[in-house]
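Asker: Top to bottom, those sequences are chains A and B. Residue numbering for the first sequence is 1 to 403, as defined by the working numbering. Residue numbering for the second sequence is 1 to 679, as defined by the working numbering.
Misleading hints may appear alongside valid ones.
To be verified - Okay, derived cross-link-like pairs now, PhoX-like style, lysine-lysine, Cα gap no bigger than 25 Å in a straight line: (1) Lys-209(B) to Lys-94(A); (2) Lys-349(A) to Lys-403(A); (3) Lys-73(A) to Lys-511(B); (4) Lys-230(A) to Lys-173(A); (5) Lys-127(A) to Lys-94(A); (6) Lys-31(B) to Lys-359(B); (7) Lys-31(B) to Lys-77(B); (8) Lys-359(B) to Lys-73(A); (9) Lys-359(B) to Lys-439(B); (10) Lys-230(A) to Lys-328(A); (11) Lys-94(A) to Lys-359(B); (12) Lys-124(A) to Lys-173(A); (13) Lys-510(B) to Lys-87(A); (14) Lys-173(A) to Lys-44(A); (15) Lys-31(B) to Lys-87(A); (16) Lys-230(A) to Lys-124(A); (17) Lys-127(A) to Lys-44(A); (18) Lys-349(A) to Lys-36(A).
It is worth saying that the hints were derived from the structure and are not from the lab. Remember, predicted model here, so these are calculated numbers, not experimental data.
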Amino acid sequence: MTGGARSRLLKLAPALGAVMLFAASCASDAPQDTLKPEGPAAQKIDNLIKPIFGIAGVVMVLVLGGALFIAWKFRARDDDDFNEMPKQIHGHFKAEIGWTIAPALLLAVIGAFTVNLIFDLAQKPEKDAVQVEVYGQQWWWEYRYDLNGDGDYTDIITANDLVIPAGREVALKIKSRDVIHSWWSPRLNGKKDAVPGRVHPLTIEADDPGEYIGQCTEFCGLSHAEMRIKVVAVTEDEFSAWTEHQQQPFEKPTDEAAINGWGSFAGQCTSCHELTGMIDPSSADDPSDATDEFVFPQQKNQVSNAAPNLAHFMTRSTFAGAMYDLRKDTPECTALGTTWASTDDGIEKCLNRTDLEAWLRDAPAMKHMAPGDVASLNSRGMPNFDLSEDQIDDLVAFLTTLK
Amino acid sequence: MTTNDGALALGSGGALTAPPMGVFARAGQTKGWRSWITSVDHKRVGIMYGAASLFFFVIGGLEAYLIRLQLAQPEGKLLSADLYNQVFTMHGTTMIFLVVMPIGAAFMNYLIPLQIGARDVAFPRMNALSFWVFLAGGIVLNSSWFLGGGADGGWFNYAPNNGVVFSPSHGIDFWNMGLLLTGISSLVGAVNLITTCLNLRAPGMTLMKMPVFTWMSLVTQFLLLFAIPVLTAAQVLLMFDRLFGARFFDVSAGGDPLLWEHLFWIFGHPEVYIMILPAFGLISEIIPTFARKPIFGYPFMVFSGIAIGFMGWGVWAHHMFASGIGPISVAAFSVATMFIAVPTGVKILNWLATMWGGKLRFTAPMMYSIGLITMFTIGGLSGVTHAIAPADTQQTDTYYIVAHFHYVLFGGALFGFVGGWYFWWPKVFGYKLSELHGKINFWVLFVGFNLTFGPMHILGLQGMPRRTYTYRDGYGFNFWNMVSTIGATLIGLSFLYFFWIIFHSYRAHKKAGVAVGPDPWDARSLEWSLQSPTPAHNFDYTPTIEVFDDFWHRKYGEDEDGRLVPVATGAEIAQPGNGEGVHLPSPSYWPIVLASGMPFLAYGLIFNLLLVIPGVLLIVGAMIGWILEPSTDPNADHGHDDEPSGPNDTSDVAVEPAANDEGDAVADEANAPEEVAAR
Chain A
1 MTGGARSRLL KLAPALGAVM LFAASCASDA PQDTLKPEGP AAQKIDNLIK PIFGIAGVVM
61 VLVLGGALFI AWKFRARDDD DFNEMPKQIH GHFKAEIGWT IAPALLLAVI GAFTVNLIFD
121 LAQKPEKDAV QVEVYGQQWW WEYRYDLNGD GDYTDIITAN DLVIPAGREV ALKIKSRDVI
181 HSWWSPRLNG KKDAVPGRVH PLTIEADDPG EYIGQCTEFC GLSHAEMRIK VVAVTEDEFS
241 AWTEHQQQPF EKPTDEAAIN GWGSFAGQCT SCHELTGMID PSSADDPSDA TDEFVFPQQK
301 NQVSNAAPNL AHFMTRSTFA GAMYDLRKDT PECTALGTTW ASTDDGIEKC LNRTDLEAWL
361 RDAPAMKHMA PGDVASLNSR GMPNFDLSED QIDDLVAFLT TLK
Chain B
1 MTTNDGALAL GSGGALTAPP MGVFARAGQT KGWRSWITSV DHKRVGIMYG AASLFFFVIG
61 GLEAYLIRLQ LAQPEGKLLS ADLYNQVFTM HGTTMIFLVV MPIGAAFMNY LIPLQIGARD
121 VAFPRMNALS FWVFLAGGIV LNSSWFLGGG ADGGWFNYAP NNGVVFSPSH GIDFWNMGLL
181 LTGISSLVGA VNLITTCLNL RAPGMTLMKM PVFTWMSLVT QFLLLFAIPV LTAAQVLLMF
241 DRLFGARFFD VSAGGDPLLW EHLFWIFGHP EVYIMILPAF GLISEIIPTF ARKPIFGYPF
301 MVFSGIAIGF MGWGVWAHHM FASGIGPISV AAFSVATMFI AVPTGVKILN WLATMWGGKL
361 RFTAPMMYSI GLITMFTIGG LSGVTHAIAP ADTQQTDTYY IVAHFHYVLF GGALFGFVGG
421 WYFWWPKVFG YKLSELHGKI NFWVLFVGFN LTFGPMHILG LQGMPRRTYT YRDGYGFNFW
481 NMVSTIGATL IGLSFLYFFW IIFHSYRAHK KAGVAVGPDP WDARSLEWSL QSPTPAHNFD
541 YTPTIEVFDD FWHRKYGEDE DGRLVPVATG AEIAQPGNGE GVHLPSPSYW PIVLASGMPF
601 LAYGLIFNLL LVIPGVLLIV GAMIGWILEP STDPNADHGH DDEPSGPNDT SDVAVEPAAN
661 DEGDAVADEA NAPEEVAAR
């Protein structure tokens, strides 16, 4: 073997490592980058891991460089006398004790900082933290807010977008309705699993308003790759406006298509979907006179026992487990934030009507799901209901009234 | 079995000479396929382990390449989500249980008896059983592809996603049954090899004179002995859940999904060391040979291996830092995990110290060994970065972890195994693999490996989750995924090249007709004191061991000035390969018959319990036959290498292909010194 080939082996690895870290920290278009913290918890983790990456890099250069040096220096040469033996060294007790203890000490120091941070991150959130229950289920996330601190997490029930005030802690209580999922928005904090039967706390906080995306990171079946997370951080004022708006009662639709859609919704969709405070369109001869609240069936057909609550559906920016944009992702529409659907003009410009209609037409074609027989207990995800184009138009008209 | 030849000859009283069970003729073939399926020779069992693992390696490799093709670009459409989930589950399961573990078993089966100066393993028929049950498990697992689809829950198969409700196909049942069988195989093997190491060492070979590979194998077998039952327990719970409606992991019935996670990782973390320690052992034999120095700090190498074995039990929950096990557990497991880097680091530095001051010959096995040292170092360091539990909450379940464990298991274990193939190939098959092609092959594999798995560090830190069938444009994942797929193509080509090298080297050997000699590398341990390929009876006479590396010390002595000089070549002092009077355990049908009953149990539990009946009949029948059959056929010749002289009078020795005749050995002696000197 030539010396040149050897050195290539040994040079390549440290260079590769350096390039990798560099490339990872410099990517411009990586919204899930773990090395770009934008909240206190993620920042603390970053502060700990960056120096450790540095130490690991130094150790790597030393070990691999040392291996390169040794390989080069002690290579057998062609003119060596085969009978000339190298010195037979069987070991060196002190050196070996040395390189047992030295890394142990280094790791002890790193360990001390690590343990310190583990307990720091596990601290209880502050008193003014926003209280949110997070439910993972195949393959979307539900968020339930307790706004008044009474322990009742039904003040707001929403899905896909987690709206939080920037600069305030948010205390998440992470749960699961079916299998294990993991909630992760890397720029705000590390991930935490949603395990059936358990409540796992996680505190997040965003430094500034903005959108912080993430996705489920514990393998949870078919559409694990499309079980997405979007945290929408807004100012305190916007947040109070949003919470107030979310608690507005259901408004009956007024135009004819929407009223038809309302009827279809009550007839078809409510075996899985809830809609907080919805009036039962069949409780009067003319739906616009109806006043009785709709009684949602207790027994749900889904394994997960629920589909997203569609109250104020139009204030969200995504649907189908945050897989599709509900509000188009143009700068103009994004700038409208959670209020994009408050005007007809906004809906006209920003509603992603194509995907929404396609979803109603054939949901399993839009996202890998296992809808199976709706009546059976093995149904997971939204089935294809064979809706007519008229029904779809009516349903979309109804959904756009859920502002 | 003992090391003492006298004790090998079981009493052969007249009462035992009738064929056992009256009807069946005893297996006696020494050639052809029947001699392989009835063989109880540890060397043949080792070769069969190796061949079967390579077969499964091709399957697992194709699965890996499907994954890479799917992920080459965003929104890949090659596989559906369902199929992708099956493919990555089966890729991981296959590579771990049907490739890396059995390749380790292949080396251990072949080498342990040779390195400790034994005739065979302690329980030769159990050894054959171990292989056949492993093969049955591999077949049951992979037959799922033809019977409704593979398992789709990930190799870790977390509950409750592994339940019937969430995975209604039979894929996970096949996974469960297949791995229950390979678990039986591992346990049988562990008991066998531990006994072999402890009881069959040649006179003078104290524990602290055992070669490092044998030591690492012993530690590995103890890990298997204690780890496999934990997995088996979890799998039995899963079996009852899936097939008989139990609800061990169902919260609504008082079960707990985290029970599965804990049980799985209490097995799963020692498993990591089960996979890497044999490779550590292999390169601990290769590096001293090509440095022409003894292993540096033998006691440290041994005790660091034992330390890794012990500490491996105290770190399982680092797979669960995000599972909500609470800050105290997280802190304890985080610190414990960091400290397991200490004995591993000792090994790396001791290998480098072994090279220090040596005269390094860069043969193909040596290059793979240095490849292991460097690549494992990278994997070890990334391992430390996710021992930092808070950092791990960012890294776990991303491609950063995929990069990490491929650096330790591919860059570590597999590089060591390939190096081992090049090193021991002449001992096993009597010819060398081409050195020139071996080195080119190394560079192709090395570059391909780093191109495939290096970029995964970046992808992981950029937040690309594992086990996702697709990713989106605009997340910064596109470029590095394409690079990774190109690298995977290179890996695939490098293994096609490797298979070609085997073929090419074999043909070159056949053409030249020159035997390789007992000691082609100027190596150190006892197996090199035997002819190549190893004679069926291993040792003509039991060697007596005086020092560590005894064989090497018989080749080199000190001259009057105290300088180390060669006093004999390996070929001169090698045992001539004359098995006159050696009495070996006889071949037997019962191991494969017993193993063949196992798939009936597996399929019976999955499809129809009636199938269990023939399974049980086969197993119990084979057990009875086994018990009634003396391990040594009293009708067989006690001699060696004779052709069978009659239908009932067959040789008890599984004769290797004729290449190991004494005639060749004489020719080797003439060739070997020049061959060594030429390097």
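Asker: Are the hints correct? Go through all of them and say.
Answerer: Results of checking the hints against the structure:
Between Lys-209(B) and Lys-94(A) the alpha-carbon distance is near 22 Å, which keeps this suggested pair within the 25 Å criterion. The hinted pair formed by Lys-349(A) and Lys-403(A) meets the criterion: a straight-line CA distance of about 15 Å does not exceed 25 Å. Taking the CA atoms of Lys-73(A) and Lys-511(B), the gap is near 38 Å; set against the 25 Å cutoff, the hint is violated. Between Lys-230(A) and Lys-173(A), the direct Cα distance comes to roughly 17 Å. Compliance with the 25 Å bound is thereby established for this hinted pair.
The hinted pair formed by Lys-127(A) and Lys-94(A) fails the criterion: a straight-line CA distance of about 55 Å is larger than 25 Å. Restraint check for Lys-31(B) and Lys-359(B): the C-alpha separation of about 43 Å exceeds 25 Å, so the hint is violated. The hinted pair formed by Lys-31(B) and Lys-77(B) fails the criterion: a straight-line CA distance of about 50 Å is larger than 25 Å. Restraint check for Lys-359(B) and Lys-73(A): the C-alpha separation of about 9 Å stays at or below 25 Å, so the hint holds.
For the proposed pair Lys-359(B) and Lys-439(B), the alpha carbon gap of about 19 Å is at most 25 Å, so the pair holds. The hinted pair formed by Lys-230(A) and Lys-328(A) meets the criterion: a straight-line CA distance of about 15 Å does not exceed 25 Å. Straight-line distance between C-alpha atoms of Lys-94(A) and Lys-359(B) comes to about 24 Å, which keeps the hinted pair within the 25 Å bound. Of the supplied pair hints, the one linking Lys-124(A) and Lys-173(A) holds, its CA atoms being roughly 12 Å apart against a limit of 25 Å.
Distance hint between Lys-510(B) and Lys-87(A) is unfulfilled; the C-alpha atoms sit about 39 Å from each other, more than 25 Å. In summary, the hint linking Lys-173(A) to Lys-44(A) is supported, as the alpha carbons are separated by about 21 Å, within the 25 Å threshold. In summary, the hint linking Lys-31(B) to Lys-87(A) is not supported, as the alpha carbons are separated by about 47 Å, beyond the 25 Å threshold. For the hint linking Lys-230(A) to Lys-124(A), the alpha-carbon distance of about 24 Å falls within 25 Å, and the restraint holds.
Straight-line distance between C-alpha atoms of Lys-127(A) and Lys-44(A) comes to about 21 Å, which keeps the hinted pair within the 25 Å bound. For the suggested pair Lys-349(A) and Lys-36(A), the alpha carbons sit about 33 Å apart, so the restraint of at most 25 Å is broken.
Of the hints listed earlier, those the structure fails to meet are numbers 3, 5, 6, 7, 13, 15 and 18, in rising order.
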